[in-house]
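Participant: Under this note's numbering, the first residue of the sequence shown carries the number 13, and numbering increases by one thereafter.
It is worth saying that the hints were derived from the structure and are not from the lab.
Check each hint, because a few of them may be wrong.
Below, a list of computed lysine-lysine pairs in the DSSO-like style, where the Cα atoms sit at most 27 angstroms apart [claimed, not checked]:
id	residue 1	residue 2
1	K68	K138
2	K168	K138
3	K174	K138
4	K68	K168
5	K40	K68
6	K40	K76
7	K68	K176
8	K76	K138
9	K168	K76
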Amino acid sequence: EAQAQPKKEEDDDDALVQSIREVLGDGKSFLVGMPGAFTPVCTDVHLPGILRSAPKLASYGVDKIAVVTTNDRYVMDAWRDALRSCIGADSVDADNVVMLSDGDGDLVRSLGLVDDMGFGVGVRSKRFALFCEDGVVSHVAVDEGMDSLVESSAEKMIALVKPKPVPGESNLAIDNDQIQALGGALAALAVFAFAFISSGNGGGSDTSTMQIGTSSSGYQTIESVAKRR
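Build the full structure now, drawing on both the sequences and the hints.
Facilitator: Encoded structure:
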């Protein structure tokens, strides 16, 4: 079980004790574990990345993202408040994100995802991301230690749930910048072709034409034909 943190300042009695199944519910969800609130990688990179990616993950069908540490709920409240001032309340209070306190470590111990982080830190949750579908875990990603963040990053979470290309369809994705660059390249090619067609050779009577035909293999070809009068 874990304590779900309210999104706004409320009385202590409003903190809920729920099973993780109740928290995640049905549908697609992520359970993300972090070693601790206010630790550098968790605060500067991991949690902000997940919060900023929450809308995109939601667009890919992720209904819930639950972030859990072994800190008590008061520390989790303070951590969330600090993040509000850093990255904005809209990101921190996203509807599909909930922050959980596993103060006794019962949840992460039952998952086998605890580690002794060393002197002065003690036993903490490992850094992990579990992808669940209707309460069933279908993917486990773990980063070892306090500082490693690769497999459980927001980018890896997005890559996991991003729809794959349908067989037979082009998997070439072109964004607006690429389209503009391609348009500029085609414009330059058109100017070059025009200059090539209309220019003479040292003032002589050479002319050049561009012909578009079809090769024997069925592909379009461009052939340059020069004629001398």
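Participant: Each hint: holds or not?
Facilitator: Hint by hint, here is what the structure shows:
1. K68 - K138: Holds: K68 and K138 sit about 25 angstroms apart, inside 27 angstroms.
2. K168 - K138: OK: K168 and K138 at ~17 angstroms, within 27 angstroms.
3. K174 - K138: Distance ~25 angstroms between K174 and K138 Cα, so the pair holds.
4. K68 - K168: 13 angstroms, holds
5. K40 - K68: 14 angstroms, holds
6. K40 - K76: 7 angstroms, holds
7. K68 - K176: 15 angstroms, holds
8. K76 - K138: The given pair, whose Cα atoms are some 20 angstroms apart, holds under the 27 angstroms limit.
9. K168 - K76: Roughly 16 angstroms separates the two Cα atoms, so the pair holds.
Hint check: no violations occur; every hint is consistent with the structure.
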